[in-house]
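Asker: Work from the hints to combine the two standalone chains into their complex.
Order-wise, the sequence lines are chains A and B.
Here the numbering used here is used: position 43 in the first sequence is 43, and no number is missing along the way.
When you read off a place in the second sequence, starting at 1, and then add 1000, the result is the number in the numbering used here.
No lab work stands behind these hints: they were computed from the structure.
A few of these clues could be false.
With a cut-off of at most 27 Å between alpha-carbon atoms, the simulated DSSO-like pairs for lysine-lysine come out as follows [as the list claims (entries may be wrong)]: (1) B:Lys1067 to A:Lys111; (2) B:Lys1111 to A:Lys97; (3) A:Lys111 to B:Lys1111.
Interface residues of chain B toward chain A, partial, derived using beta-carbon atoms under 8 Å [stated by the list, open to error]: (4) Arg1074; (5) Glu1075; (6) Thr1083; (7) Asn1086; (8) Met1087; (9) Ser1169.
Don't be surprised by glycine CBs; every beta carbon is placed ideally from N, CA and C.
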Amino acid sequence: MSDRYSFSLTTFSPSGKLVQIEYALNAVAQGVTSIGIKATNGIVIATEKKTASPLIDDTSLEKVANVCPNIGIVYSGMGPDFRVLLAKARKAAQKYKRIYNEYPTTGMLVKDVASVMQEFTQSGGVRPFGVSLLIAGYDETGPVLYQVDPSGSYWAWKASAIGKNMINAKTFLEKRYNDDIEIEDAVHTSILTLKEGFEGQMTEHSIEIGIIGGGTTGFTEGKEQPLFRKLSPSEVRDYLANIS
Amino acid sequence: MDYNGGTVLAMAGKNCVVVGSDKRLGVQNLTVSTEFQKVFPVTEKCYIALPGLATDVQTLSELFRLKCNMYKLREEREIEPLTLANMISSTLYGRRFGPYFCEPIIAGLDKNNKPHIYGMDLIGCLNYPDDFTVAGCAEAALFGMCESLWEPDLEPDELFETASQALLSAADRNSLVGWGAVIHTM
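Only chain B is shown next, with the shape it has when bound in the complex (with noise of 0.2 Å):
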């Protein structure tokens, strides 16, 4: 996990999510690419991001897109965020003993526009969280900024610049993530 480094969070508010990355790709300490993506939309409404090893994030965001177009076909219907996370650890604990080196952060609004955020470790362990939740080479000093700058019910915007600084400030702190910041709101 600290081959490629990267880093992701989100966090959820009053009827609203955002999920976001830093955006470098390294070779250990060198780096090789300051624009290399990590979150994905898999519906409108429903982000998933993924921090790990660089091979399986754009292996697994491929594999994901192809379960949810077929999800999508077969059942008539977008994919909700609660069954994609599901669907995503039974793909990861698949893999159980050889796992993919990535630990995915999904975020998104259900069809009724509630807030949904779920984060696994890379055998698809769910977590459920109301608050926020980190993943990635900085996810230690993540958890710290999060949890001091996040409190509930805050709005599209003041959720935004929570989540901004919170990445910003845990990037600084690591070698391995960095080189700028990008961040979806719904």
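Just chain A, same shape as in the assembly (with noise of 0.2 Å):
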């Protein structure tokens, strides 16, 4: 019976659900996984990067990306709608900037992302964005990440998978997750979790990772601190060879 109620986004069901954000969540649980992990002095965001030909050139495509300097944000679900989210996150950062001369921290970009994504629940003639997303970032507070669904909703993580592989992966984060964990072991942690999930061969094309503090940082804004970068092939390559 809530066949009836799935079509139109801004009708409660029956039974008190917007069956469009369930569909929404379908089709985030469709799109590859991503792993966010947070150590004590940084965070590891990690996806797969899945072409669906091997013609495809990889080096043009972007799912582990940088929202300002100090903030990283990855996806699993549609990359057309993380494109939009990800200009929307940037801009409201900037526009913070404008103001307060400093770059928001990632509490309040959270906010600013999870509104939106919520406005396009609520508004006419619009569907939800069909991406989750893990937003890490390193502020005043220390290192923190959050994760933003469709329907807006937001909360913290320590760990925390989303995607395709998202039950097991989260089964096996929570064995090796421990509070005490440092970036190089989150890295090392994350790039496990992924091959746990992963069809065909594991290279340093084939999965993107960033992180954010550790020894990453930069001078920025007039003052050292944590940036968040993205690993070069190189680096990930090490970082393969280290796991086999």
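Answerer: Spelled out as structure tokens, the structure:
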């Protein structure tokens, strides 16, 4: 019977659900797995870069992206929806900076992104975003990792997985995570977690890893602070060599 | 800026700041009030001083109270002096072609209790001094007083004395400024 209520986003079903959001979560569950792990001195976010054909030039595809110097983002779900949210997130960060001359804290940025996603669950003529996001940032309170869902709800994680293999991945992470984990271990663990559900050969071109904190500090905005950066293919290759 | 009178200053010392103003409100040469507030608390550790056109002083103090309260609710933390200064600067520049006739001064301690003072002009050009900053009708006289009286690393009591002497002497030299002074020490 929920079929009758499933086409219009702005209508509740009798059971109290917005079925479109459920379906959006299905779309996310079809996307490739993404992992995020919070360490004591930084955060790792990683994802598989699954291309439909070996002919695709995968260097042009960016799944782990920079929002502002201290915040990085990765997604599971529909790539085009992610691009829109990424653009909005970047613009929101710059808008904040225009007023306060400093970048927003991760929590503030996540609130902005989440409220955009929520708007698209309550407006006419639009559909929810078919992505879940993992937003990782390092601000004055330390490293913090948030997950944002198509409904617009967000919450902070110590370690999380989204996408296809999320249940197995989260079980794996629960076993391997401890509160004292350092960034090097966290990168290692995230690669192992991705490997669990990986179909095919894992090379430095088929996964993307971004880290913030640890040794990656840089001088920006007049002070030394942890910056978000993606690991280069050669660095990823070194990590992969270590696990095999 | 010479319609209502009024002047403010702020000084930085050793792990402390002071901010002070006179108490006069006038309509040109007529004194209307001798208890007019120009220094407003934003947080426990941060004050703003607003000299200039009195209506803008009051409007801006309420506007910044709103913005800082919203900041506190959204960010779940108090605003820092530098962030506040930039916020005030962008607010003033937002009215670039119809400005508020007010030249705010910010004085406060950040979360590590390091002293900060900032001044700006009526359209938001920030000034980041180490020593003192002045604004208002008697700013020329205050510049002279502060330059001679201020020295680095003053303790809170000494800084209070220095600021008071500077403010009172400068106020005595200007007919639109005076009728008492208020100094806040942090």
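Asker: Does each hint hold? Answer for all of them.
Answerer: Comparing the hints with the structure gives:
Taking the CA atoms of Lys1067 of chain B and Lys111 of chain A, the gap is near 18 Å; set against the 27 Å cutoff, the hint holds. Between Lys1111 of chain B and Lys97 of chain A the alpha-carbon distance is near 20 Å, which keeps this suggested pair within the 27 Å criterion. Proposed proximity of Lys111 of chain A and Lys1111 of chain B is supported: the alpha carbons are some 24 Å apart, at most 27 Å. The interface hint given for Arg1074 of chain B holds, since its Cβ lies 7 Å from the closest Cβ of chain A, which is under the 8 Å cut-off.
A hinted interface residue such as Glu1075 of chain B counts as satisfied when its beta carbon comes closer than 8 Å to some beta carbon of chain A; here the least separation is about 6 Å, so the hint holds. Annotation: interface hint on Thr1083 of chain B holds; nearest CB of chain A at approximately 5 Å, less than 8 Å. For Asn1086 of chain B, the interface hint holds, since its Cβ comes within 8 Å of a Cβ in chain A; the closest pair sits about 4 Å apart. For Met1087 of chain B, the interface hint holds, since its Cβ comes within 8 Å of a Cβ in chain A; the closest pair sits about 6 Å apart.
For the restraint placing Ser1169 of chain B at the interface with chain A, the shortest Cβ-Cβ distance is roughly 35 Å, beyond the 8 Å limit, so the hint is violated.
In this structure, the one hint that does not hold is number 9.
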